[in-house]
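Trainee: Letter by letter, the chains look like this.
Protein chains: 2
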Amino acid sequence: MTDHPFSLPAIAYSDIEAAANRLSGTAHQTPVLTSTMVNDRTRSQVFFKCENFQRTGSFKFRGAFNALSLLSDEQRNRGVLAFSSGNHAQALALAGRILQIPVTIVMPDDAPAVKQAATRGYGADIIFYNRATQNREEVTQRIAAEQGSTLIPPFDYAPVIAGQGTAAQELIQEVGELDILLVCCGGGGLISGCAIAAHTLSPHCQVIGVEPKKADDATRSFYSRTLQTIENPTTIADGARTSSLGSLTFPLILHYVHDMVTVSETAIVRSMFFLWERMKLVVEPTGALAAAALLEGIISVPDARIGVIISGGNVDLKEASKLFSKTTSKTKRTPRLPLAQELS
Amino acid sequence: MTDHPFSLPAIAYSDIEAAANRLSGTAHQTPVLTSTMVNDRTRSQVFFKCENFQRTGSFKFRGAFNALSLLSDEQRNRGVLAFSSGNHAQALALAGRILQIPVTIVMPDDAPAVKQAATRGYGADIIFYNRATQNREEVTQRIAAEQGSTLIPPFDYAPVIAGQGTAAQELIQEVGELDILLVCCGGGGLISGCAIAAHTLSPHCQVIGVEPKKADDATRSFYSRTLQTIENPTTIADGARTSSLGSLTFPLILHYVHDMVTVSETAIVRSMFFLWERMKLVVEPTGALAAAALLEGIISVPDARIGVIISGGNVDLKEASKLFSKTTSKTKRTPRLPLAQELS
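Chains A and B supply the protein sequences, listed in that same order. Just so you know, we're using this note's numbering here: the first sequence kicks off at 1 and counts up by one. Just so you know, we're using this note's numbering here: the second sequence kicks off at 1 and counts up by one.
Just chain A, with the same shape it has in the complex (with noise of 0.2 Å):
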């Protein structure tokens, strides 16, 4: 049936348990909110789980203290690493300082200053390179070298995917079965874990990744089977700039996903304003793609119950209110096809 050259990772639902095991009593169990007006706007009964309530503002936090969680103590004793100026080095910093394990974190040095600051503040080193002049594979190389100390990957690393999972284990074993899971996809550590999770919990559950169109590779290698990439996509949602799927979590898409949509830039804008506005959560652009998908109707199904991941809420509240100054609150109210028209 594949024809990609890559085989199912061995990454069961008994990982995301153990996981779960691990996170309990230091990640939070996030809150799961419902919304009358979602509701009557979609005639289904949705349900948010808001990651972006978790510890370090997003769900990473969950992926990265399960992997290092599982470390030996020579790991440990050496440090970890990871390349990221976004939600990962903050999640690993966290998790580091959590576990005593010394984490640094490699950023472009033009990476801007609240990230810097929020990383620093959760307790890691960072080591900055200039992407003009210096290759950051080659800066990794020399500082794991010299620290003999393990990277951490974003996303395509099995104790990250079963961490992540964690999060539709629990949005699922609270409220019961789904007919819909909506999760957003950037390098797919969260949808692939989600996935798993759901295919044990909830069988005729359609598992279905979220994209923006600015970034859709995602979606392009769903359909194509064949693993697509991107360059630097611009879209607003920066936890979905990632230029492709990766080794593990592109074959556990395809067997454990059910369908992959992409949403336009002021569709994520329209949502994240609704959420902000009329839930009273704080959702950065990522966070809002699963939620863009269902409010602006691209996912219709009526009498279905719905899960909804929100999967972060870091932003800039100033870059925040300057991307609401050029849109609306107003979302279409002429849902397209239902999913199961769209989908036959």
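Just so you know, not all the hints are guaranteed correct.
The list treats identical chains as interchangeable, and a pair is accepted whether it falls inside one copy or across any two copies.
[To be verified] Below are the DSSO-like pairs computed for lysine-lysine, each with C-alpha atoms no more than 27 Å apart in a straight line: (1) Lys213 to Lys322; (2) Lys326 to Lys115; (3) Lys318 to Lys115; (4) Lys214 to Lys322; (5) Lys115 to Lys214; (6) Lys322 to Lys115; (7) Lys326 to Lys214; (8) Lys326 to Lys213.
Treat the hints as calculated values from the structure; they're not laboratory data.
Following the hints, put chain B in place on chain A, whose structure we already have.
Mentor: Chain B alone, transformed into the frame defined by chain A:
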């Protein structure tokens, strides 16, 4: 013991229990959030009861729905009436729609368009009056006479007070007994109800009201044991711009509340910014009052279990971003004396 002329109203914990039964299945059981950062900074265990996630975006729905539920069939047919351009109007409008009771809201004709739209959106009729040429009381008398409708006061009304008390009831039932409960105070409906609930469910809990310095009538009333008023206070916390406590809420506060404190406008904005940026909660200025007393170190009780009511989240996002552009997220790190010392 009391110098004031008011007797203690007969509102008991059983009224709050009865209100909770009426609200069950209609009001949201709002989530309780915790923040490791807040716990670390305050050296306490802090529980935020998030009424910004309540239906219509504030705790007011609790009191409004309870009050309307208690009306006779004849009263229901004739409809209800209220003055408000704020959260009480929206709460009553939705409660009326759910219970199929006609709701008329009297607003000044210069009320913000966004508030008019929200109230109309929930299906209420709005009657405008001109603040310069018309007297609000006369307008009401006329409408009440014409319609035979029942006036539902925003706070000084036993069914409203009992309804608001369910916020603290839910909080304590979920997290267990508290040492301190911080509640914002405008007309005193929320804090009266919450203090009655705490008195039964957590008898050793000290209930502390928080007001803006610029609208400190309740604090002055509390300390002088004589009802004090304030004329058109200019605080940004619009829910606390009431001119005085009521004839029910004042004696209830004297009897059940342990202390009252005030916070500056800067403290309100700074705390609001913290709640948005770090806790990912869209909170209105009034909703940040109770948190401000804690985050600014005005209340500091190490090793205590502290409940904080976040009362609402109805704020124009553009107005909020203007407030934030004038402030920073920096909060004071040196708390004042512990409460025990301040109170002794």
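Trainee: Next, verify each hint and record whether it holds.
Mentor: Verification of the supplied hints:
1. Taking the shortest Cα distances, Lys213 and Lys322 sit within 27 Å of each other inside one copy (21 Å), while across copies they are farther apart (32 Å).
2. For the identical chains of this complex, Lys326 and Lys115 are neighbours both inside a copy (24 Å) and across copies (21 Å), given an alpha-carbon limit of 27 Å.
3. Taking CA atoms no more than 27 Å apart as the test, Lys318 paired with Lys115 passes in both settings, with 14 Å inside one copy and 24 Å between copies.
4. Taking CA atoms no more than 27 Å apart as the test, Lys214 paired with Lys322 passes inside one copy only; the shortest distance there is 20 Å, against 31 Å between copies.
5. Only within a single protomer do Lys115 and Lys214 lie at most 27 Å apart by alpha-carbon distance; the minimum there is 23 Å, versus 36 Å between protomers.
6. In this assembly of identical chains, the alpha carbons of Lys322 and Lys115 lie at most 27 Å apart whether taken from the same copy (19 Å) or from different copies (23 Å).
7. When the C-alpha separation of Lys326 and Lys214 is checked against a cutoff of 27 Å, the pair qualifies only within one copy, where the shortest distance is 19 Å, while the shortest distance between copies is 34 Å.
8. In the homo-oligomer, the alpha carbons of Lys326 and Lys213 lie at most 27 Å apart inside one protomer (19 Å), although the nearest pairing across protomers, at 36 Å, exceeds that limit.
Figure legend: structure checked against the earlier numbered hints; every hint is met.
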